[in-house]
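Assemble chains B, C and D onto chain A, guided by the hints.
Protein chains in written order, with the numbering used here: chain A, 1 to 333; chain B, 1001 to 1333; chain C, 2001 to 2333; chain D, 3001 to 3333.
Calculated directly from the structure, the hints in this document are not laboratory data. In this text the structure is predicted, and so the values were computed from the model without any measurement. Glycine included, every Cβ here is placed at the ideal spot set by N, Cα and C. Watch out, some of these pointers could steer you wrong.
Coverage of chain C stretches by chain B, computed from C-beta distances (three or more under 8 Å per stretch; other residues unrestricted) [stated by the list, open to error]:
| no. | region |
| --- | --- |
| 1 | 2181-2190 |
| 2 | 2271-2283 |
Each computed DSS-like pair below joins lysine-lysine, with the alpha-carbon atoms no more than 25 Å apart [unchecked claim]:
| no. | chain 1 | residue 1 | chain 2 | residue 2 |
| --- | --- | --- | --- | --- |
| 3 | A | K56 | B | K1003 |
| 4 | B | K1056 | A | K56 |
| 5 | C | K2169 | B | K1260 |
| 6 | A | K45 | B | K1260 |
| 7 | C | K2056 | D | K3056 |
| 8 | C | K2045 | D | K3003 |
There are 4 protein chains.
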Amino acid sequence: MTKLLRMGLAGGGPGSFIGAVHVMAAQLDRRIVLAGGVFSRDPVKSAEGAAHYGVKSWTSIDAMLSSGEVDFVCVATPNDSHFAIAQKALTSGVHVMSDKPATLTLAEAKSLRDVVRATGKQYGLTHTYTGYPLVREARQLVADGVLGRVRKIVVEYSQGWLTEAVSNKQADWRTDPSRSGLGGCSGDIGTHAFQLAEFVSGLTATELYADLGKVVPGRALDDDCNILLRYDNGARGVLIASQIAAGDRNGLRLRVYGEKGGLDWRQELPNTLTLNRHDGPTEVRHAGSSYLLPVAQAGTRLPAGHPKAMSRPSLIFTRISPIRSPRARLPWS
Amino acid sequence: MTKLLRMGLAGGGPGSFIGAVHVMAAQLDRRIVLAGGVFSRDPVKSAEGAAHYGVKSWTSIDAMLSSGEVDFVCVATPNDSHFAIAQKALTSGVHVMSDKPATLTLAEAKSLRDVVRATGKQYGLTHTYTGYPLVREARQLVADGVLGRVRKIVVEYSQGWLTEAVSNKQADWRTDPSRSGLGGCSGDIGTHAFQLAEFVSGLTATELYADLGKVVPGRALDDDCNILLRYDNGARGVLIASQIAAGDRNGLRLRVYGEKGGLDWRQELPNTLTLNRHDGPTEVRHAGSSYLLPVAQAGTRLPAGHPKAMSRPSLIFTRISPIRSPRARLPWS
Amino acid sequence: MTKLLRMGLAGGGPGSFIGAVHVMAAQLDRRIVLAGGVFSRDPVKSAEGAAHYGVKSWTSIDAMLSSGEVDFVCVATPNDSHFAIAQKALTSGVHVMSDKPATLTLAEAKSLRDVVRATGKQYGLTHTYTGYPLVREARQLVADGVLGRVRKIVVEYSQGWLTEAVSNKQADWRTDPSRSGLGGCSGDIGTHAFQLAEFVSGLTATELYADLGKVVPGRALDDDCNILLRYDNGARGVLIASQIAAGDRNGLRLRVYGEKGGLDWRQELPNTLTLNRHDGPTEVRHAGSSYLLPVAQAGTRLPAGHPKAMSRPSLIFTRISPIRSPRARLPWS
Amino acid sequence: MTKLLRMGLAGGGPGSFIGAVHVMAAQLDRRIVLAGGVFSRDPVKSAEGAAHYGVKSWTSIDAMLSSGEVDFVCVATPNDSHFAIAQKALTSGVHVMSDKPATLTLAEAKSLRDVVRATGKQYGLTHTYTGYPLVREARQLVADGVLGRVRKIVVEYSQGWLTEAVSNKQADWRTDPSRSGLGGCSGDIGTHAFQLAEFVSGLTATELYADLGKVVPGRALDDDCNILLRYDNGARGVLIASQIAAGDRNGLRLRVYGEKGGLDWRQELPNTLTLNRHDGPTEVRHAGSSYLLPVAQAGTRLPAGHPKAMSRPSLIFTRISPIRSPRARLPWS
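In isolation and in its complexed conformation, chain A is listed as follows (with noise of 0.2 Å):
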């Protein structure tokens, strides 16, 4: 029987959308268990939320981090709480899984890499669309030079729900810059269209020019963004990302344009990938299938045609270092 890795949930009490998603996804390959976690700065909350997963709850961070009973955490809190939780877990020799963002600004973000480097910890962000089989084709499929060389990067994500002035827990904390911090719309979904488009092309964004609107009347932080891009290689990028595009639910879409064709990938799709040819019919592939290269058969669990469940979304281990540096590439900052 291997030996199971031990999570602690930081957040995702009642209430909580993601803290749920962890769980499930942490669980699916029966690799990890849930030991506990800290549920709630509320303790009342987090004793609900120990008790709804049927585990233990600390009172606090610190007892979990030194209770020997955890082998990573995973940090499922507001934006404003991320960088402390992971410093606090990395010094104290746990493994760390956070939500995106790492940090709230950039000189935070440089002090975590310094702390991963010291101690020699992992630490990962769960940029969870990163996890789909087709999505990992994709990216083999570029350094392999299905396209040629890049030209052009169109990456959407288009999301309606905050089209009105809203309020719930969902809602209001992404929606206050005291929580949430200085990105609204681009912190929350544009840093995922963002992280995607590099992951798979390959490319490293080295310029943007932004247009970043507050729509709705009173919003605090930036709920609609259009951005132009340029990376490292000279291709152009776009990047469109909303919250207020009404009657849209959760519209991430890459396309990737070079020298021989494109690649169109959307998230509502999430197992088919299409790959357009300049000279050639399209070809469009599916998860699940034989003919995928192995590193789309390695995130698959069932045979084509069957709505994959999460794909290990958000457990990609990934280092964090090098970090990078260029201010321009933090559409928020």
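Frame of chain A; chains B, C and D shown alone:
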């Protein structure tokens, strides 16, 4: 802390497809825990299965049932043992969640019905596709009269994976009459299509005319099925199922037409339901949306636009009684 | 300057749907000119039709045929007069392009075949959907063996416009046995589906089992058809046609499955052809692309991505001889 | 019999793409007849064009305009002669239907405006995509307030045909500044996207920030455009146009988001219009349906589900006055 249901798995050892699916699904909501299982008739393989899941294995079904450590047994063995295991479990006071088919013959099915009634235990069949939120929505829309009287049903389940003569664990038992029973494609996936049509329409098939083919040379069971049906309200139906539809993946699709419009649902795009109205624009409903009917809301874990995990597909307990009797409605009988 | 073919129109007066389509289509390539017509049995309406098109009208079919001013007649009248007009034209030395059905009975069809042979004139039926570039491509791919031996055909033609009892020029003659003949839905659109399947597959249907319904109360002809077929190479087929598929528009779709893959074409998305390969990615071909086969190139006027005009749909001259005889292949006979 | 408008064609000779399209479109409704043309600057080629169409050719634009045989001239020449031909025609008392761009510079455009006003003749630009029934529907839905205030527009026009350095009649003049003017991709298709966004939204662009690229080595004009916009009501916009989007065909797509929902229309699927409502199911409208608004009904010739011919695309007369002046709104100026 809610008391967890303890599940014992019958089957699902190394190389199994559905066993792992059941285990993942069972644990999604943290209401069920895998207590252990008899993962294979071969004790070595069974032990391997237990090690994989980090649980115990019993040496026989009888031992598992009499252990007092399982509240229900999940039957994921090849078809020929479904009935015997279910019967044993029920008479041992253990509830049953069985893969379909319930039995290999109608006589056995009637006998099973009697056992269910006599023991008063729960018995469910994993007609998994009925667990999708939008299948529930569709059923309710029909029940609410949105389509008017149902006049026509077209249901398809089209796969291509048995296009050629292949030999592997999945293919072997499904094409072997001694383990699969009388139905090949008809029993394996035709039944899903058949059941889905009845489930959503609320109708019962009363007559059918079937053209079952053994297309691949040497195949002992049907691999292609084309069936005309009549339902109890006079509606006509067409059921198309195939495992030699080369290039298709898992193409389950249901269309129900009534006097006022038609519903269209596809398993490969399970989170949208299309309602074509006779006298107005087409309407597309999205899983996770607040405007859905309560039955659909109940089966949803994530907001709109996020691919859903399996929606508790394999754990929908439905009483089997009464098993309806007309021989005509069992395509393989 | 190329000599233009002079077309005489029979039918197609005020309120006609197909007359105007034929006139537009005939002129697309400037190879044909509308010389005039007998636009209605009613001389006043015929004159109205002539005025609409800016051409002359004759007072009778005989007058038109003997005028020496038409090279061919385009027969766009209700079904009951197709045969008589065609026979007259052929024996007058005038070529014929007729709407389907060629005749109302098999005996008439055989008689028509004899007239075609005796006169040596051209006779064509407007099976319009065979004119699409990608239908031509599909046919050639099958002929080239890309699918291997054809094993299964699923063809559908699903409309909803006769969901209710309606009365208008289009509906009235189609639901009236005295003008439409023995077939309602089967003759009006089932024939298109039937012919398309044979055209693309290169196979001939030899047996069928049909369930034709008169679903709307009071309807005298079938409005819903569900048919199982066998083709001359042993392949199975399913033909579904309906005019009471509420909410559907003009859903003609053809799927052909062989040993190596399957083709999928939809009339509502006519400029893409999907080729699902058994052992590789799906391939999507686009009308207007340079990689298409010559037969598809020949039928294209615009570059890829521009919706195509009608692709000369109604003017594909095909010799009718030999009219194949098996009664079984005429769904309405 | 209605008097037909006599059209004279400038350009459109052998090898022309758009000339033949204009001729087909002009004749669809039998309101216009091609009287003749000056099909090329080369008299031999012009005569070839005339022979192809079966009409006369004139030896010069002046001769055509003074012949008294044309009511309007259709200008289908390369961009550099649009202005001169239009000016001559208007002052000769002949109406003008011109391909875009109207002129090569803003100064010429203002001068043209003055000529239109002084002569009182009709002048139209063939912004062809505004002729689609569902584009009309979309515009009316916005005007009717169905979306509420418009907040965001995303418009794309993505082609891949200039992915490589190519030389042919279509490519040559479009990539040659002396014939095409200052704009490459921006002028050729960016203008369509720009105009479509204003046409449907009813808004006027007031500011823009453009990143125009000459991606293919040696190209003299832009072949990739990425533009951020602001509209007169404060709405943000993104315009993406490209001719190096390898593998794309003719991907014109418009999304308009307001306070209550969003519209989505794609030129490659022109007969559906998607209306995503913020608080309800998605609505899909189909061309040819009786529930459409009168503006959409007016532009439709065929019932729903039949691919539409060109919907009078090239013959929509729109007064040019007033030409709006802000330099900012001309991407290529």
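Q: Given the hint that K45(A) pairs with K1260(B), test it: the Cα-Cα distance must not exceed 25 Å.
A: 49 Å, violated
Q. Regarding the pair K2056(C) and K3056(D), is the alpha-carbon distance no greater than 25 Å?
A. 24 Å, holds
Q. Has the given pair, K56(A) with K1003(B), been kept, meaning a C-alpha gap of at most 25 Å?
A. Given pair K56(A), K1003(B) holds - Cα atoms ~15 Å apart, limit 25 Å.
Q: Starting from K2169(C), check that the Cα of K1260(B) is at most 25 Å away, please.
A: 23 Å, holds
Q: Between the region 2271-2283 of chain C and chain B, see if three or more residues pass the 8 Å beta-carbon test, and mark the coverage as holds or violated.
A: That given contact holds, which follows from 5 residues of the region 2271-2283 of chain C lying within Cβ reach (below 8 Å) of chain B.
Q: Would you mind confirming whether the straight-line C-alpha gap from K2045(C) to K3003(D) stays at or under 25 Å?
A: Cα-Cα ~20 Å, so holds.
Q) K1056(B) and K56(A): Cα distance at most 25 Å? A) Since the Cα atoms of K1056(B) and K56(A) sit roughly 24 Å apart, the hinted pair holds (cutoff 25 Å).
Q. Would you say the region 2181-2190 of chain C counts as covered by chain B, given the rule of at least 3 residues with C-beta under 8 Å?
A. violated (count 0)
The structure shown violates the earlier hints numbered 1 and 6.
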